[in-house]
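A.B. asks: Quick note, the sequences are listed as chains W and R, same order.
Quick note on the working numbering: the first sequence kicks off at 42 and runs consecutively.
Quick note on the working numbering: the second sequence kicks off at 67 and runs consecutively.
If you're looking for bench data, these hints aren't it; they were derived computationally from the structure.
If you're wondering where the values come from, they're calculated on a predicted model, not measured in any experiment.
Here a beta-carbon is modelled for each residue, glycine too, at the ideal position from N, C-alpha and C.
Honestly, I wouldn't trust all of these hints.
[Stated by the list, open to error] Chain W side only, calculated, beta carbon under 7 Å to chain R, not exhaustive:
1. T203
2. A206
3. N213
4. S218
5. L219
6. L220
7. G221
8. R223
9. Q322
[Stated by the list, open to error] Below 25 Å or equal to it, Euclidean Cα-Cα: the simulated SDA-like pairs (lysine to any residue) are:
10. W/K225 <-> R/R236
11. R/K193 <-> W/K225
12. R/K193 <-> R/R236
13. W/K159 <-> W/I184
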Amino acid sequence: MELLIQQAVAGIATGSIYACVALAIVMIYRSIGHINFAQGEMAMFSTFVAWQLIQLGFPYWAAFAATVVMSFMGGVLIQRVLMQRIRNAAELNQIIVFIGLLLVFNSVAGFVWDFTVKPFPTPFGVAPFFGSALISAHQAGVIAVVVLILFLFFLFFRFTRTGLAMRAAVNNGSSASLLGIRVKALEALGWGLAASVGAIAGMLVAPVVFLEPNMMAGIVIYGFAGAILGGLNSLPGALIGGVLIGVLENLVSAFVPVVGGELKSTIALATIVVVLLVRPQGLLGHRIAQRV
Amino acid sequence: MTALLQVRHLDAAYGAVKVLHGIDLSIDRGTIVSLLGANGAGKTSTLRAICGMLKRQGSIVFGDRDISASATEQIARLGVGHVPDGRGTFTLLSVEDNLRVGAIFRKRNADIAADIERIYGYFPVLKKRRAQQAGTLSGGEQQMLAVGRVLMARPSLLLLDEPSFGLAPRIVAEIFDIFRLLNQQEKLSILVVEQNAHLALDIADHAYLMETGRIVFSGSGQAVRDNEHIQRAYLGG
Chain W
42 MELLIQQAVA GIATGSIYAC VALAIVMIYR SIGHINFAQG EMAMFSTFVA
92 WQLIQLGFPY WAAFAATVVM SFMGGVLIQR VLMQRIRNAA ELNQIIVFIG
142 LLLVFNSVAG FVWDFTVKPF PTPFGVAPFF GSALISAHQA GVIAVVVLIL
192 FLFFLFFRFT RTGLAMRAAV NNGSSASLLG IRVKALEALG WGLAASVGAI
242 AGMLVAPVVF LEPNMMAGIV IYGFAGAILG GLNSLPGALI GGVLIGVLEN
292 LVSAFVPVVG GELKSTIALA TIVVVLLVRP QGLLGHRIAQ RV
Chain R
67 MTALLQVRHL DAAYGAVKVL HGIDLSIDRG TIVSLLGANG AGKTSTLRAI
117 CGMLKRQGSI VFGDRDISAS ATEQIARLGV GHVPDGRGTF TLLSVEDNLR
167 VGAIFRKRNA DIAADIERIY GYFPVLKKRR AQQAGTLSGG EQQMLAVGRV
217 LMARPSLLLL DEPSFGLAPR IVAEIFDIFR LLNQQEKLSI LVVEQNAHLA
267 LDIADHAYLM ETGRIVFSGS GQAVRDNEHI QRAYLGG
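Same shape as in the complex, but just chain W:
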């Protein structure tokens, strides 16, 4: 029983990181209708930026904040320079651009910081959380940071005018522009926010998986799985899906001996397949009927 609880709590901690990645994926998906396959690599790149700042002697939280801001600007820049130009291109072309972006970030990170694995600090420490055997201080810190971010997102979308304008622009872009909403500017803002959330996920997971250019490869699969499980067009869905995937991953690998640690990532892929077969719109997503 104690093992069950312990695994579930640890699952919530990693799951909240998946939830961040899922949130970033869903934000982009809602605004452009595609999955940004480079989301993980953007997060990895941001984490390297944070690492570099820490190496230069910045205190952890200063580096953290600076990285979030720079990632935001990077996201806006990608939308302005790249996405704006291909927004009317064919679907496959856009996906190829995302994959290109993924390779660029991966190679540039390897070129600048090389492929050796680097330790990344945690500001929370690795000791047990107040002597609890259940959860480490880092895990508790991760959960706290993610809950705070999600709460801020909720406030932003629910109670601010810009949040309302973003929901409207994503729902019906041409109708929004007829009401004076600058849809393109909001799309750029969406990219900025997604890049920031991704960066936070990267910095929170790096102490666990260690920093290297392929760090996010495994994580982003769980992010996709969380997003699909929750519903690709639902922000609360991304949160719930991400956490569920984290818990599921831990429980299955702890209690199903065949799966163990080796086949862990199969769980994410299996979840994607099952959800797409049984309930393609996910737990909280809505169906989109499209006339062709």
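Starting from the known structure of chain W, arrange chain R on it as the hints suggest.
C.D. replies: Same frame as chain W, but now just chain R:
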């Protein structure tokens, strides 16, 4: 009387396909103008061209500003309220949030709240449905919401694209009564595109008739009714 909207030699195209050929029309302040024509005559394209949703050429003067090179969102902010065809509902937002989006660039919250109540006064059914997801409304309710949403921006010119489309006659009468009211009480100028010519002529001070991307007739509502060709082609006379 001065013109609120003055369109001259307006051409527009979807990609390489030209759909409007030298449209001239004007709307005097405080009047209702209807734009008639069969399916595909270019009525919707005319509205879209005015709002910069289509590539266009020619002169479009709104008030005393030339808006022929302005972006759609800029034209909206200047006071052109376009109720698009298909109604443009924000299906995932609540009814009240749809109205709030209409007022998105207005500053004072108290004014916005008062205007929401004003819209509920025009369309009481929306008040009953205020917390409901807008995509679940009936066609008539969505049309009311579309008009209400655009009114929230306090436009001086309302462009209505087939507001009667797909609605029961009773609902159509109700909505057109509101248009008349807005015109008389708030001096709102209206350009209404309609396939239902009787309906549009009843309400209009002036009418234009379009065929294949051109204006082919212009005159008062009565002049349009008296024209034999129009009677045969559009009024079933």
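A.B. asks: Checking each numbered hint in turn, tell me which of them this model violates, lowest number first.
C.D. replies: Hints 1, 9, 10 and 11 are the ones this structure does not satisfy, whereas the remaining hints hold.
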